[in-house]
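Novice: Next come the chains, spelled out residue by residue.
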Amino acid sequence: MKSISVTIDGTRITVPEGTTVLDAAKKAQIKIPTLCYHPDLPPVSACRLCVVEIAGDRLLRTACSWQCRDGMEISTKSALVRDSRKMALELLLSRHPMKCTECVRNGSCELQDVADLLGIRENPFEYRERKGELDLSSASIVRDPSKCILCRRCIQTCEMVQSVSAIGLEGRGYDVWVDTPFGKGIADTPCVSCGQCIDRCPVGALYETSHVDRVWRALDNPQKHVVIQTAPAVRVAISEEFGLEPGKLTTKQMVAGLKRLGFDRVFDTNFTADLTIIEEGHELLGRLKKGGKLPMLTSCSPGWINFIEHFFPELLPHVSSCKSPQQMFGALAKTYYAQKFGIDPKDVFSVSMMPCTAKKYEADRPEMNASGYQDVDAVLTTREVAVMMKQIGIDLPNMHEEEYDDPLGVSTGAAVIFGNTGGVMEAALRTVYEVVTEKPLDDIEITAVRGMEGIREAEIDLAGTKVKAAVANGLYNARQLLDKIVAGTADYHFIEIMACPGGCIGGGGQPIPTSQEIRAKRTEAIYTEDRAYELRKSHENPAVQLLYKEFLGEPNGHKAHELLHTHYTAKSQYQPDSAA
Amino acid sequence: MSDLNRIDQIVAGYQSTQSPLIYILKDVQKEFGHLSEPVLTRVAEATRIPLSEIYGVATFYSLFTTKPKGQHIVRCCNNAPCWVNGSKDVLEKIKEYLEIETGETTEDGSFTLEFTSCLGLCAVAPVMMVDEQVYGNLTPEKAVAILRDFKTKGSANA
Ligand code: FES
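If you read the sequences in order, they're chains A and B. Each residue of the first sequence is one higher than the one before, starting from 191 at the first, in the working numbering. Each residue of the second sequence is one higher than the one before, starting from 1102 at the first, in the working numbering.
Read the hints as simulated data drawn from the structure, not as lab findings. Model, not experiment: these values are computed from the prediction. Backbone N, C-alpha and C define an ideal beta-carbon position, used for all residues, glycine too. Careful, some of the hints might be misleading.
Stated by the list, open to error - Partner residues are not named here, just some residues of chain B that face chain A (Cβ under 8 Å, in silico): (1) E1138; (2) G1157; (3) T1160; (4) F1161.
Claimed, not checked - Here are the computed lysine-lysine pairs in the PhoX-like style, where the Cα-Cα straight-line distance is at most 25 Å: (5) K1131/B x K1252/B; (6) K321/A x K1170/B; (7) K374/A x K1170/B; (8) K374/A x K1168/B.
Claimed, not checked - Calculated from the model, a selection of chain A residues having no Cβ within reach of chain B, i.e. all distances over 10 Å: (9) N313; (10) K530; (11) F531.
Next up, chain B with everything else stripped away, as it sits in the complex:
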């Protein structure tokens, strides 16, 4: 993990920015992977913003996380258009394949499964996102194949 002193540098970089907290948290998360207690405490010390307020912001935005996440983030759309096109079956299959519930991370730390709101791609529903990449016209089998692909790529990298 990076050195906590990095946080002071990040905060210093936003000295002239108005309401810099979200930018700071974004950079800090990029650097540290997630917003842990020691990390946010240091942000509070450096910004002089109360920890309760920072924690509130960190838990408000779904792209911030206070817990460690998997190497890949799988986000399944849970809005109506995807739902009527079978996203429920896709989700069930993914859960079965990864052996986790939504909001959890696989034991080997390779995947975290989450919900997302509409991604604006209802024409190709049901949809999921893996990291920055979007996949449409899913079937349960297709979804699993994509994840399997990530797994082999991931271990190839490791």
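Next comes chain A alone, as it looks inside the complex:
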């Protein structure tokens, strides 16, 4: 690519053609304030905080979207630039409630940061409330339009990353606001509860439905036996909430922290991830043998399940009937575990720690009560667990190390990679290959399904049968694959779909911010964790083997079907509450 040179505040630098002023400034170590810009999304230039002056140009330009031209002279600090930025920010602040101490984003708010950066100490403009009502309709996501700064990142995310378009910009001019159609509340839209909008929100206008109080009440109740399961992806991210670099592993400190919080047992969703592989692997083999619906689609990601129920109900027979690891765990905690240890299942309070907001919706699904009780009682995001730890003074990086409890804390490396896009596929192939060929897999790292591209494909030779696999992350990419299935042009056998970019490590319940760079670091940490396991194939998990022997019987057997499998509901994208 052609190189060009520009001067920013007197410093001359060379950048590739097409570089934005914002990126060029970054290269010159000059920080330009931004609010509506997000590295995952194309710039909309709505906030005008990033304006710069360009010699010879009559107008100020927004650095996030303006491209450098050869010889350009840019000022990021002239009086005009400073005044304009300040006024743009003051106007935004004049429509923000400024109840910072009551806000979930206190301390992680981009508006606070930028106000600090620009040295705002007072505001000449009078406060005027924003239009729109607090939306508590969803089991996963709360919308508070009064805090919205109209950056539009949530709308872009919902449309471009997820192809859901549950929310839009309504009205115009001074009274424009972000809303659902006819202001009916997010539960009345095809929202899939993925929470990617929460991750992109610079302020506290979007956040998860909190289960923190619910969990504290259970922990405080001596009658309750409170167990927690932790998803694969949370262990590579929670350290970020305590100021550590992304990708820093603190699994054992996290376990110690959870014990300090008062959980009676700290278990691992990895245990049921291994179990999922056994069940789903056998289901796939069954479909291949008996000519069942193919391609088979994975079912671990609840945002993805919501998506297919709303947008492609005709494809539901393709979805594996396996519950997600969270729900398998919930069903077993109140049956197998309770029986084995002589605990009355009604006293078991089952909590999960998830990188995901859609898991809250999933836990609330009425059909998820195979144990005779609601299988999962509360779902905490990675962020919420960090809040609870901080409430009682736990400083994670300085915690001692502890191990997961037996038996539902035993797992393999195949389970931990569930946190990454491609991980479920890789874990399944590690097992399916050995079950079918009865030979050990030479290289268990199936790198063809790894990576960050939206859609990836691989072909695996299973004793003469070629299995064609595809992996998609982000629902926009998933939609491309589904369109192919509808058109009859998809010749895959097995497709893994995760709703969030990068998979669960980039989930909507993970520490904020998340970006391509941060996702890559968390992904690497997951693979590091996998390599540290002695056992790296799900079918080698001794606790899972014992579970079949003592309790479940055969994979895909009667009991397994009762507890570990589910069914789906076709829904309309327009009247989401009623079945289509």
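Once you've looked at the hints, dock chain B with the ligand against the given chain A.
Specialist: What follows is chain B with the ligand alone, placed relative to chain A:
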């Protein structure tokens, strides 16, 4: 109210038009009076454009309405030239006469009162529009007389 199937016909008529949404909404509003939830949902189904986007367009343009409106639409100019020539008094009098605020519809459904931006008739300010007709050089009394006229005409038609 018209049959929702009409919407499919309207949409089909714009099959070869690029970015047809505004034309479709215009025709649909003409047919149904306003862009209600069932109506826009049908437009979304027929065009395969997300409902949130359609709703955004419907609320952006002031000539589209998602709520039922009165038989006559009264639009008072609220820009500076009309203002300095007394549009405020005119507006107050109209509100008093119709017993509604701007943005509302009278109980009998005969009038909806709205603001409009400059109509380019500042020479005869203050100005208002009733349906497609423009009235200038208004005084509070003149405005009320015009509306009274519409009322009697309206009931004569009914
Ligand atoms: S960051 Fe450039 S306009 Fe908002």
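Novice: Next, verify each hint and record whether it holds.
Specialist: These are the hints, each one checked on the structure:
The interface hint given for E1138/B is met, as the beta carbon of that residue sits about 5 Å from the closest beta carbon of chain A, less than 8 Å. The interface hint given for G1157/B is met, as the beta carbon of that residue sits about 4 Å from the closest beta carbon of chain A, less than 8 Å. Using the Cβ-Cβ criterion of 8 Å, the hint placing T1160/B at the interface with chain A is satisfied: the shortest such distance is roughly 5 Å. Nearest Cβ of chain A to the Cβ of F1161/B: about 5 Å, under the 8 Å cut. The hint holds.
At roughly 22 Å between alpha-carbon atoms, K1131/B and K1252/B fall within 25 Å of each other, so this suggested pair holds. Restraint check for K321/A and K1170/B: satisfied, since their Cα atoms lie roughly 22 Å apart, inside the 25 Å limit. Taken as a hint, the K374/A and K1170/B pair is honoured in the structure, with Cα atoms around 21 Å apart against an allowance of 25 Å. Using a Cα cut-off of 25 Å, the hinted pair K374/A and K1168/B holds, with the two alpha carbons roughly 15 Å apart.
The Cβ of N313/A lies farther than 10 Å from every Cβ of chain B, with a closest approach of about 27 Å, so its non-interface assignment holds. Separation of K530/A from chain B is adequate, the least Cβ-Cβ distance of about 49 Å exceeding the 10 Å criterion. Against the 10 Å criterion, F531/A stays outside the reach of chain B, whose nearest CB is about 49 Å from its own CB.
Comparing the model with each earlier hint shows no violations; every hint is respected.
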